[in-house]
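Got chain U; can you put chain A on it based on the hints?
Chains U and A are the protein sequences, given in the same order. Okay, so the first sequence: first residue is 1103 according to my numbering, each after it adds one. Okay, so the second sequence: first residue is 2 according to my numbering, each after it adds one.
Keep in mind that a hint or two might mislead.
[Unchecked claim] List time: in silico DSBU-like cross-link candidates among lysine-lysine, alpha-carbon distance up to 35 Å:
#1 LYS102/A - LYS1138/U
#2 LYS102/A - LYS1121/U
#3 LYS1120/U - LYS1138/U
#4 LYS55/A - LYS1111/U
#5 LYS1138/U - LYS1121/U
#6 LYS1155/U - LYS102/A
#7 LYS1155/U - LYS1140/U
#8 LYS1120/U - LYS55/A
#9 LYS102/A - LYS55/A
[Unchecked claim] Residues of chain A placed beyond 10 Å of chain U at every Cβ, according to the derived structure:
#10 SER8
#11 GLY17
#12 ASN32
#13 PRO40
#14 TYR74
#15 THR81
[As the list claims (entries may be wrong)] Sample of chain U residues at the chain A side, in silico, Cβ under 8 Å:
#16 PRO1145
#17 LEU1147
#18 PRO1163
#19 PHE1166
#20 LEU1190
#21 LEU1192
#22 GLY1197
#23 THR1200
#24 GLU1201
#25 GLN1206
Hints were generated in silico from the structure; no laboratory data involved. Using N, Cα and C, we set each Cβ at its ideal position, and we do this for glycine too.
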Amino acid sequence: DTEVTQTPKHLVMGMTNKKSLKCEQHMGHRAMYWYKQKAKKPPELMFVYSYEKLSINESVPSRFSPECPNSSLLNLHLHALQPEDSALYLCASQGGETEAFFGQGTRLTVV
Amino acid sequence: GIQVEQSPPDLILQEGANSTLRCNFSDSVNNLQWFHQNPWGQLINLFYIPSGTKQNGRLSATTVATERYSLLYISSSQTTDSGVYFCAPEGGGADGLTFGKGTHLIIQP
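Isolated chain U, as found in the complex (with noise of 0.2 Å):
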């Protein structure tokens, strides 16, 4: 099973909402990954959870908030954002030195 689910693939949400993208992997990988990506332009890392370290792109405003409750397991609280969030987020997994495995993304629109 070579496959990153992401949940949900559409989500809607007004600025005061408090909401969460799942993602999830079986293949065994220790890394995983949350991606922004705008209209035409590439992938922006957001966070890393490696080896049960967590290592945020500090950039990245407190209005996200990852939480990996498992090794298989990466979600990302969204909490007070604004339109300018809105975007496709994308999940990644990576077991050591092999590719990484990307998720179909969850475009989330704030409204």
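Here is chain A on its own, set in the frame of chain U:
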């Protein structure tokens, strides 16, 4: 962080044509990957290629790590090859992938 430059930014070809996409990077890397992003946003890994040459069907890739560049070759293009091709090197540690701006490829029938 690593700086990544991809060229050309846009490429329009007729079906059956061959193409070469280039990726230059600014620092030594632990690995380098090529991805194809389809119109629905799915990123498909094409090659994991920190050095050397690999081939997969009509696609092949070469990375010359000492000279800090990688090339992706697409032969006998098909319309389904259309999309954005990203080069993504990874430096040391658990830094994640740094993506170039991509090459937007359009294959016309």
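Against the structure, the hints come out as follows:
This hinted pair checks out: LYS102/A and LYS1138/U have alpha carbons roughly 14 Å apart, not beyond 35 Å. Under the criterion of a C-alpha separation no larger than 35 Å, the hint pairing LYS102/A with LYS1121/U is consistent with the structure, at around 30 Å. Straight-line distance between C-alpha atoms of LYS1120/U and LYS1138/U comes to about 18 Å, which keeps the hinted pair within the 35 Å bound. Restraint check for LYS55/A and LYS1111/U: the C-alpha separation of about 33 Å stays at or below 35 Å, so the hint holds.
A hinted pair counts as satisfied when its Cα atoms are at most 35 Å apart, and LYS1138/U with LYS1121/U qualifies at roughly 16 Å. Restraint check for LYS1155/U and LYS102/A: the C-alpha separation of about 28 Å stays at or below 35 Å, so the hint holds. Taken as a hint, the LYS1155/U and LYS1140/U pair is honoured in the structure, with Cα atoms around 27 Å apart against an allowance of 35 Å. At roughly 45 Å between alpha-carbon atoms, LYS1120/U and LYS55/A are farther apart than 35 Å, so this suggested pair is violated.
At roughly 23 Å between alpha-carbon atoms, LYS102/A and LYS55/A fall within 35 Å of each other, so this suggested pair holds. Every CB of chain U lies more than 10 Å from the CB of SER8/A, the least distance being 14 Å, so the non-interface label holds. With a minimum CB-CB distance of about 27 Å to chain U, GLY17/A clears the 10 Å threshold, and the non-interface call stands. Its beta-carbon lying about 6 Å from the closest one in chain U, ASN32/A breaks the requirement of being farther than 10 Å from that chain.
The Cβ of PRO40/A sits about 12 Å from the closest Cβ of chain U, beyond the 10 Å cut-off, so the non-interface label holds. Non-interface call for TYR74/A relative to chain U: holds, since the shortest CB-CB distance, roughly 19 Å, exceeds 10 Å. No beta-carbon of chain U is positioned within 10 Å of the beta-carbon of THR81/A; the least distance is around 18 Å. Contact between PRO1145/U and chain A, as hinted, is supported at the beta carbon level, the nearest pair being about 5 Å apart and thus within 8 Å.
For LEU1147/U, the suggested interface contact is upheld, since its CB lies about 4 Å from the closest CB of chain A, less than 8 Å. With 8 Å as the threshold, the beta carbon of PRO1163/U stays out of range of chain A, its nearest partner Cβ sitting at about 18 Å, so the hint is violated. Interface hint status for PHE1166/U: violated, as the beta-carbon distance to the closest one in chain A is roughly 15 Å, over 8 Å. Because the beta carbon of LEU1190/U sits about 5 Å from the nearest beta carbon in chain A, less than 8 Å, this interface hint is met.
Interface hint at LEU1192/U: satisfied, since its Cβ lies 7 Å from the closest Cβ of chain A, which is below the 8 Å cut-off. A cut of 8 Å between beta carbons decides the hint on GLY1197/U: the least distance to chain A is about 11 Å, and the hint is violated. Evaluation of the THR1200/U hint against chain A yields a held restraint, the C-beta minimum of about 7 Å falling below 8 Å. Satisfaction of the interface hint for GLU1201/U is found here, the shortest Cβ-Cβ separation to chain A being roughly 4 Å, below the 8 Å cut-off.
The interface hint given for GLN1206/U is met, as the beta carbon of that residue sits about 5 Å from the closest beta carbon of chain A, less than 8 Å.
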